[in-house]
Amino acid sequence: MPVSLGELARQFDCKLLGDAEAQIVSVASLSNAGPGSLSFLSGSAFKQQLATTRAAAVVLRAADAADCPAASLVHEDPYACYARIAAFLYPTPAIEPSIHPSAVVAPSARISPSAQIAALVSIGDRSIVGDNTYIGPGSVVGADCVIGNNGRLLTNVTVVRKVTTGDRLILHPGVVIGSDGFGNAMTTDGWVKVPQLGGVRIGNDVEIGANTTIDLGTLEDTVIDDGVRIDNLVHIAHNVKIGAHTAITGQCGFSGSVVIGKRCMFAGQSGVAGHITICDDVVLYGKGLITKDITEPGIYSSSFPSEPVKEWNRMLARFRRLGHLIERVSKLEKGES
Amino acid sequence: MPVSLGELARQFDCKLLGDAEAQIVSVASLSNAGPGSLSFLSGSAFKQQLATTRAAAVVLRAADAADCPAASLVHEDPYACYARIAAFLYPTPAIEPSIHPSAVVAPSARISPSAQIAALVSIGDRSIVGDNTYIGPGSVVGADCVIGNNGRLLTNVTVVRKVTTGDRLILHPGVVIGSDGFGNAMTTDGWVKVPQLGGVRIGNDVEIGANTTIDLGTLEDTVIDDGVRIDNLVHIAHNVKIGAHTAITGQCGFSGSVVIGKRCMFAGQSGVAGHITICDDVVLYGKGLITKDITEPGIYSSSFPSEPVKEWNRMLARFRRLGHLIERVSKLEKGES
Amino acid sequence: MPVSLGELARQFDCKLLGDAEAQIVSVASLSNAGPGSLSFLSGSAFKQQLATTRAAAVVLRAADAADCPAASLVHEDPYACYARIAAFLYPTPAIEPSIHPSAVVAPSARISPSAQIAALVSIGDRSIVGDNTYIGPGSVVGADCVIGNNGRLLTNVTVVRKVTTGDRLILHPGVVIGSDGFGNAMTTDGWVKVPQLGGVRIGNDVEIGANTTIDLGTLEDTVIDDGVRIDNLVHIAHNVKIGAHTAITGQCGFSGSVVIGKRCMFAGQSGVAGHITICDDVVLYGKGLITKDITEPGIYSSSFPSEPVKEWNRMLARFRRLGHLIERVSKLEKGES
Chain A
1 MPVSLGELAR QFDCKLLGDA EAQIVSVASL SNAGPGSLSF LSGSAFKQQL
51 ATTRAAAVVL RAADAADCPA ASLVHEDPYA CYARIAAFLY PTPAIEPSIH
101 PSAVVAPSAR ISPSAQIAAL VSIGDRSIVG DNTYIGPGSV VGADCVIGNN
151 GRLLTNVTVV RKVTTGDRLI LHPGVVIGSD GFGNAMTTDG WVKVPQLGGV
201 RIGNDVEIGA NTTIDLGTLE DTVIDDGVRI DNLVHIAHNV KIGAHTAITG
251 QCGFSGSVVI GKRCMFAGQS GVAGHITICD DVVLYGKGLI TKDITEPGIY
301 SSSFPSEPVK EWNRMLARFR RLGHLIERVS KLEKGES
Chain B
1001 MPVSLGELAR QFDCKLLGDA EAQIVSVASL SNAGPGSLSF LSGSAFKQQL
1051 ATTRAAAVVL RAADAADCPA ASLVHEDPYA CYARIAAFLY PTPAIEPSIH
1101 PSAVVAPSAR ISPSAQIAAL VSIGDRSIVG DNTYIGPGSV VGADCVIGNN
1151 GRLLTNVTVV RKVTTGDRLI LHPGVVIGSD GFGNAMTTDG WVKVPQLGGV
1201 RIGNDVEIGA NTTIDLGTLE DTVIDDGVRI DNLVHIAHNV KIGAHTAITG
1251 QCGFSGSVVI GKRCMFAGQS GVAGHITICD DVVLYGKGLI TKDITEPGIY
1301 SSSFPSEPVK EWNRMLARFR RLGHLIERVS KLEKGES
Chain C
2001 MPVSLGELAR QFDCKLLGDA EAQIVSVASL SNAGPGSLSF LSGSAFKQQL
2051 ATTRAAAVVL RAADAADCPA ASLVHEDPYA CYARIAAFLY PTPAIEPSIH
2101 PSAVVAPSAR ISPSAQIAAL VSIGDRSIVG DNTYIGPGSV VGADCVIGNN
2151 GRLLTNVTVV RKVTTGDRLI LHPGVVIGSD GFGNAMTTDG WVKVPQLGGV
2201 RIGNDVEIGA NTTIDLGTLE DTVIDDGVRI DNLVHIAHNV KIGAHTAITG
2251 QCGFSGSVVI GKRCMFAGQS GVAGHITICD DVVLYGKGLI TKDITEPGIY
2301 SSSFPSEPVK EWNRMLARFR RLGHLIERVS KLEKGES
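Chains as they are written, first to last, in this note's numbering: chain A, 1 to 337; chain B, 1001 to 1337; chain C, 2001 to 2337.
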């Protein structure tokens, strides 16, 4: 920063309408932008804010350029283009290759000389940390793990054991990868713990949100494929497989041995019952529940929007008396009413 | 401790019925109280326990005093009055201003001389910790954070970056404040991460439960207003604004850009879809889902109580065949049946 | 390892059909087993994989032995038997009695000489750690806690204060036990915090999953009885009592003062409203909600499986217009239609 619009257009493959020498120093929303700010217009929801924006330039589609009071960076996918420009303008702080003296690293662990191990980190036996990877304060990597290159494990993360990850992994604070799955055999004396002996394999370009948990496989590995994005407080049980580029938002839960296809999307608080298989390109709406295999791509739902409680209670009472209503209709059909 | 009833009545603005010299040494429920215990009677649910309590004194409403076998501390809001007396009798342990030698504090951080930084804490660049604030073992405060006065951040808490808080903040163990929001732009090559550049602003007198997560704003700040109370395992996404004195119980989830009014209450496992605005004084029952703006205060619900599974399956089957029932009624109306 | 089949049959009380000298070196699923592997067949779901397994031996019921192409270890409860054999073949690594030099242990704490306190652990005033118990990296045990014998507290666990546990406790990473309950009294000036003065009592043989939270009692203790198994991201509020051998899967929530019987099972994302009592031997299906006391053992449900969104929206619209349908039926009954 600052960067000229001409430079941004060149680097991010946009058509520039406006002054190539104008300087961008920040990004902002259309309504909060000021001089030197770059903004973006993606969907139609914010279109009305375009006319009055004080942004220096806006990333938008060609069709919206005529309505833009500022310079335009025209791109067919303005949101992704904006995301890339913002990442360029606000780069992740460079890491400082080092092992903090307060970190405790097992002698058998191998830490890349270009990695940074922050304060109060613990790295276990035989684990490997790749090039340019950052392990943040308070994090713990247990035994027999391989963390790929260019990863960022933020604070107080735990990678328990037998976890192998690809490159560019991001784990947000409090994430737990590789905890024992919930395997218990009932006996007359109570539950017997079933040893959880598999690992977790994570592909490239995976990001996992704060306090999410992903369990080890029971015998084989739990698998998170390339490009998967997982939000906060998500539960992924043992033996689950999540296909590439699937996105999972906050507080979703996946029971044991679930298999999810590619490019699926799960809205918040939705859940999938154990041993279910879901094909590619399935979207599940918030609070949805899947209890049977899904073999057709598409959008699925099973949630009820809230009503004022009096109206809801009436609806609930009618639902509970449906059997009675059906009887009344049957009587009418028989001419008994 | 011990404290005389007369002293408690004076200090907490109660009318005392009983011996002002009697000494209180503990608090207890009505049914478990013994000599020297103070108890309370708030709602009607526990009224029947009053007659047999062995408490030395009970905080209660004037209307209940006649039925109290012990001394009465009469107050129009006995539960809040009890809470204040209990806090007086069982004060939070005083902090010991110090920085534990095992803590790792960035040279550019500013720690109040009256603050306590416990063992194995990490404090990042340019962050500020206020007067009389306690940061518990294993906690991490990242860069560019301001923690107000008289705060208590318990163990293994993470405050990631760009988080500013008011006074008297309580963060329970495992809380994560300031993690990246879930911002992703879909492209033909997969998801592109949208940089999360905002911060989190937290007002005064906020308490946040164990393992709850609150994300940074995308461009502007996520905001938690004064007096908000949040329970465990709650998910608050980027750009959310929670109005003053709103209470949120366990496992609720708030999607991105949700705006919640003042004095709302959310029961457990409820959720609000993205970009929804909810006015002041809304109550949502447990497992409720809000998918449209709410502009009228009141109680809302969308949950079904459980039934024995056979009965539930019958109800479910009827629900799924409602279209068939409607057809039957239509036929009857046309005289075709 | 390796261990002979004869030895396994003897030690785990199985009838061996096959070569007693054959050596077992690993366990695997039926479909992935190879030479030297032990597998198991429990339910009927995997029966078809038995014929083609390359396992050296299979733990199974007598009725399945005739169909087994490998040696059979016959047991009436093959899953539990397999679990015990697997635990024998893959023992938890022995602990190394020690206190890591980076750990911070209060002078008044008492650590058994046979316990292991790992790197970067903090142990608070007056707490006790039992024989052969392991406290993993980054974990914090606060003041006035008693951790029994043979426990394993994995990484970044927090045991806050006043928590007493039995033997053989397993706490997975990120677990928080003993955080303040959500107790707040509303006043015209906002919420007043109600001091949480009880503790948590945990029985023997309890296992608790990653990032689960269990709150202190308000006045008396929160109680988790012997043999209880709790999965990840579960919320157990103050004053809850969970009966022996109850199993709770991921993301379930139990509101304040709930009392759960023995041998209950709660499937994922289910919840119980405050002050509810549930008898022994109750099963609640996934996403279920219990709002009234349950006094009869059995299976309960209140969840809706997902449908393609168009079909779901139709079903939802019919549900919302049930009142209208009832009116139509009433008119028909009155001969008005």
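It should be emphasised that the hints constitute simulated quantities derived from the structure, not laboratory data.
Source: prediction; values computed, not measured.
Honestly, I wouldn't trust all of these hints.
Within a straight-line C-alpha distance of at most 20 Å, the following computed SDA-like cross-link-like pairs (lysine to any residue) qualify [said to hold, decoys possible]:
| id | chain 1 | residue 1 | chain 2 | residue 2 |
| --- | --- | --- | --- | --- |
| 1 | C | Lys-2331 | B | Arg-1328 |
| 2 | C | Lys-2310 | B | Ile-1326 |
| 3 | A | Lys-310 | A | Glu-296 |
| 4 | C | Lys-2310 | A | Thr-295 |
| 5 | B | Lys-1241 | B | Ser-1257 |
| 6 | A | Lys-310 | B | Thr-1295 |
| 7 | A | Lys-241 | A | Glu-296 |
| 8 | C | Lys-2331 | B | His-1324 |
| 9 | A | Lys-334 | B | Leu-1017 |
| 10 | B | Lys-1331 | C | Arg-2328 |
| 11 | A | Lys-193 | C | Asp-2013 |
| 12 | B | Lys-1047 | B | Leu-1017 |
| 13 | C | Lys-2193 | C | Asp-2221 |
| 14 | B | Lys-1331 | A | Gly-335 |
| 15 | A | Lys-331 | B | Gly-1323 |
Taking the hints in turn, this is what the structure says about them:
Taking the CA atoms of Lys-2331(C) and Arg-1328(B), the gap is about 14 Å. The hint holds against a cut of 20 Å. Between the alpha carbons of Lys-2310(C) and Ile-1326(B) the distance comes to roughly 18 Å, so the proposed pair stays at or under 20 Å and holds. A distance of roughly 38 Å separates the Cα atoms of Lys-310(A) and Glu-296(A); the hinted pair therefore is violated under the 20 Å criterion. Our distance criterion of 20 Å between C-alpha atoms is met by Lys-2310(C) and Thr-295(A), whose separation comes to about 16 Å.
With a CA separation close to 7 Å, the supplied pair Lys-1241(B) and Ser-1257(B) stays within the 20 Å bound. Proposed proximity of Lys-310(A) and Thr-1295(B) is supported: the alpha carbons are some 16 Å apart, at most 20 Å. Distance hint between Lys-241(A) and Glu-296(A) is fulfilled; the C-alpha atoms sit about 18 Å from each other, no more than 20 Å. Our distance criterion of 20 Å between C-alpha atoms is met by Lys-2331(C) and His-1324(B), whose separation comes to about 19 Å.
At roughly 72 Å between alpha-carbon atoms, Lys-334(A) and Leu-1017(B) are farther apart than 20 Å, so this suggested pair is violated. Restraint check: the Cα-Cα separation between Lys-1331(B) and Arg-2328(C) comes to about 12 Å, which is no more than 20 Å; the hinted pair holds. At roughly 18 Å between alpha-carbon atoms, Lys-193(A) and Asp-2013(C) fall within 20 Å of each other, so this suggested pair holds. For a cut-off of 20 Å, the pair hint linking Lys-1047(B) to Leu-1017(B) stands: about 18 Å separates their Cα positions.
For the hint pairing Lys-2193(C) with Asp-2221(C), the CA-to-CA distance comes to about 18 Å; that is within 20 Å, so the pair holds. A C-alpha spacing of about 13 Å is found between Lys-1331(B) and Gly-335(A), which places the hinted pair at or below 20 Å, so the restraint holds. Using a Cα cut-off of 20 Å, the hinted pair Lys-331(A) and Gly-1323(B) holds, with the two alpha carbons roughly 18 Å apart.
Consistency with the previously given hints fails for numbers 3, 9, ordered from lowest to highest.
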